[in-house]
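K.L.:
Sequence:
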Amino acid sequence: MLTTAETDSKAGIFSAAFLPITLMNILVVTSHAVNGFITSVIAPSIVVDLGGRELMFWLFALFQVGSICAGVMAGNFKIRFGAKPIFLSSALLLAFGSVLGGIANNLALVILARGLQGIAEGMLISLVYVVIADHLPSRLLPRIFALSSTLWALAAAATPLFAGLLTEFVSWRIAFLFNLPLVVILIFLSYFALPKTEPQGEAKPFPLKRLLLLVTALLITGFAGQITNIAWLGLIILASTTLLVGFGALDQKAVERFMPPNLFSLKTNMGRSFAMLGLFTIGASGRTVYMVALLQSIWLMSPMMAGYATATLAMTWTIAAWIANRIEDVKRRVAFIRMGASFIFVGGVISAYGVWVMNLPLAIGGMMLTGAGYGSSSPLIRQTIITQAPTEHRTIASGAMAPVQFTGAVFGAAIAGFCALAFGLFDGAIGDTVLTAQAAQQGGAALLFAFTLFPALCILISLGLSTIPDHEESEASEKSEALA
16 MLTTAETDSK AGIFSAAFLP ITLMNILVVT SHAVNGFITS VIAPSIVVDL
66 GGRELMFWLF ALFQVGSICA GVMAGNFKIR FGAKPIFLSS ALLLAFGSVL
116 GGIANNLALV ILARGLQGIA EGMLISLVYV VIADHLPSRL LPRIFALSST
166 LWALAAAATP LFAGLLTEFV SWRIAFLFNL PLVVILIFLS YFALPKTEPQ
216 GEAKPFPLKR LLLLVTALLI TGFAGQITNI AWLGLIILAS TTLLVGFGAL
266 DQKAVERFMP PNLFSLKTNM GRSFAMLGLF TIGASGRTVY MVALLQSIWL
316 MSPMMAGYAT ATLAMTWTIA AWIANRIEDV KRRVAFIRMG ASFIFVGGVI
366 SAYGVWVMNL PLAIGGMMLT GAGYGSSSPL IRQTIITQAP TEHRTIASGA
416 MAPVQFTGAV FGAAIAGFCA LAFGLFDGAI GDTVLTAQAA QQGGAALLFA
466 FTLFPALCIL ISLGLSTIPD HEESEASEKS EALA
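Using the working numbering, the first residue of the sequence shown is number 16, and each one after it goes up by one.
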């Protein structure tokens with residue numbers, strides 16, 4: 016059974032006291048990362064085998080929509096039912112979705128399987144953060160998040176090769192069934208390690224209307240990937256943004272919330288951290304969506320070589336995260352977050368310039384600096400959210416981190432598509448050519464420059480971070496107002 020965050024002050028993340036949490040984190044993060052990366056490799060083989068090329072986009076979109084919606088509900092469900100039953104049911108749903116995808120005889124079933132996988136993965140990754148917040152001491156948070164960063168980096172590096180070998184020599188169906196051994200171990204751990212908890216308070220009516228509003232906004236955003244008309248794409252982004260703002264406004268006024276209060280408030284460390292978390296993810300989307308295609312079009316790289324070139328970012332991310340996880344002084348943590356935001360901005364500018372002048376070392380060097388920026392700041396931002404969230408909202412705040420990032424990725428991809436059309440990234444492409452070298456050079460550089468706006472905003476937000484905890488800052492403010 017898991018210990019609590021207040022006990023065993025000398026134990027590490029691999030000690031007997033916290034090993035179950037660490038193993039659950041490893042299994043969930045690995046499964047989510049692999050399932051996220053693997054689709055881009057196996058999707059063409061799925062379409063060749065089952066047909067339905069025009070629906071291929073939904074293999075990606077429905078997974079993301081399911082992940083976000085489930086992640087948003089995770090904190091609320093944990094309060095209602097406790098972590099253990101939700102963990103077990105989500106693991107079983109992941110197993111069902113994986114088997115369904117592995118045996119599907121048409122693309123519609125595969126898409127449904129991806130949606131079920133997304134729901135399960137979104138719930139599991141958010142619940143892992145909740146369990147970490149409940150049971151892991153704050154001194155170990157940077158270490159567990161650095162471990163997560165390492166797992167993401169390893170998945171980014173190994174998944175293309177792993178999936179490619181499976182697809183070429185066995186079958187794309189085995190890639191779905193990969194989850195089953197992990198699920199068995201996860202069920203065992205959650206059943207025996209997670210404590211049985213009683214629902215907190217009386218059950219309130221489930222906020223279904225708000226959830227439907229969120230699902231509608233995300234599905235509209237997901238559909239943006241199939242739009243090639245810039246005016247329609249702009250309208251879709253505007254409509255989905257309006258619906259999401261409406262969801263957020265209604266949720267903030269509600270008693271039964273999906274998200275913590277003052278989610279993106281720039282008056283608190285928690286709100287600033289959430290804002291940076293979302294903006295960082297949006298800012299990464301231009302590179303995530305198009306960088307491999309730019310490398311292939313300008314420098315004639317193979318898909319695998321281009322994938323490994325972009326994986327250099329994951330390498331520096333991991334190294335920086337392991338350095339950041341050893342920082343205990345609050346002032347140095349804040350300084351590292353600010354430095355990380357600056358690295359991401361400068362790295363983005365360097366990569367964009369490298370594409371513009373067709374200088375490969377500059378383009379890759381900028382990505383490596385960007386990775387160092389993410390590694391320096393992301394684990395500490397998550398730690399800030401968990402430690403700064405009010406006690407009564409810590410469960411919801413911990414569960415909200417993943418869906419905020421996933422939503423940023425979906426919106427960022429839509430914005431990247433809009434920018435690609437606006438900057439003429441697809442101009443002149445014919446037949447099987449995705450991008451021409453000239454369009455990749457000019458339009459790609461413009462797109463990458465445009466996306467440096469988001470880390471630039473993060474630099475400004477990070478300047479407001481305080482070394483004083485939110486609750487102490489609030490008390491000091493109330494005292495000053497009383498004296499006035």
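Possibly wrong hints are sitting among the right ones.
[To be verified] Lysine to any residue pairs mimicking SDA-like chemistry, simulated, CA-CA at most 25 Å apart:
{"id": "1", "residue 1": "224", "residue 2": "346"}
{"id": "2", "residue 1": "282", "residue 2": "483"}
{"id": "3", "residue 1": "211", "residue 2": "200"}
{"id": "4", "residue 1": "99", "residue 2": "223"}
{"id": "5", "residue 1": "99", "residue 2": "208"}
{"id": "6", "residue 1": "282", "residue 2": "407"}
{"id": "7", "residue 1": "346", "residue 2": "223"}
{"id": "8", "residue 1": "346", "residue 2": "177"}
{"id": "9", "residue 1": "224", "residue 2": "279"}
{"id": "10", "residue 1": "211", "residue 2": "224"}
{"id": "11", "residue 1": "282", "residue 2": "247"}
{"id": "12", "residue 1": "282", "residue 2": "260"}
{"id": "13", "residue 1": "346", "residue 2": "279"}
{"id": "14", "residue 1": "268", "residue 2": "222"}
{"id": "15", "residue 1": "282", "residue 2": "303"}
{"id": "16", "residue 1": "99", "residue 2": "200"}
{"id": "17", "residue 1": "282", "residue 2": "457"}
{"id": "18", "residue 1": "224", "residue 2": "258"}
{"id": "19", "residue 1": "25", "residue 2": "153"}
{"id": "20", "residue 1": "25", "residue 2": "41"}
Treat the hints as calculated values from the structure; they're not laboratory data.
Only a predicted model underlies this, so the values are computations on that prediction, with no experimental measurement involved.
K.L.:
Next, verify each hint and record whether it holds.
P.N.:
Taking the hints in turn, this is what the structure says about them:
1. 224 to 346: Violated. Residue 224 to residue 346 sits at ~43 Å, over the 25 Å cutoff.
2. 282 to 483: holds (12 Å)
3. 211 to 200: holds (19 Å)
4. 99 to 223: holds (23 Å)
5. 99 to 208: holds (9 Å)
6. 282 to 407: Given pair residue 282, residue 407 holds - Cα atoms ~19 Å apart, limit 25 Å.
7. 346 to 223: At roughly 42 Å apart (the allowed maximum being 25 Å), residue 223 and residue 346 break the hint.
8. 346 to 177: violated (42 Å)
9. 224 to 279: holds (22 Å)
10. 211 to 224: Distance ~30 Å between residue 211 and residue 224 Cα, so the pair is violated.
11. 282 to 247: Answer violated: residue 282 to residue 247 is near 36 Å, above 25 Å.
12. 282 to 260: Measuring from Cα to Cα gives roughly 19 Å; hence the hint holds.
13. 346 to 279: holds (22 Å)
14. 268 to 222: holds (12 Å)
15. 282 to 303: The hint is violated at about 31 Å.
16. 99 to 200: Given that 25 Å is the threshold and the Cα spacing comes to 14 Å, the pair holds.
17. 282 to 457: Not OK: residue 282 and residue 457 at ~39 Å, beyond 25 Å, violated.
18. 224 to 258: Since the Cα atoms of residue 224 and residue 258 sit roughly 12 Å apart, the hinted pair holds (cutoff 25 Å).
19. 25 to 153: Cα-Cα ~12 Å, so holds.
20. 25 to 41: Distance ~21 Å between residue 25 and residue 41 Cα, so the pair holds.
Hints 1, 7, 8, 10, 11, 15 and 17 from the list above are not met by this structure, while the remaining hints are.
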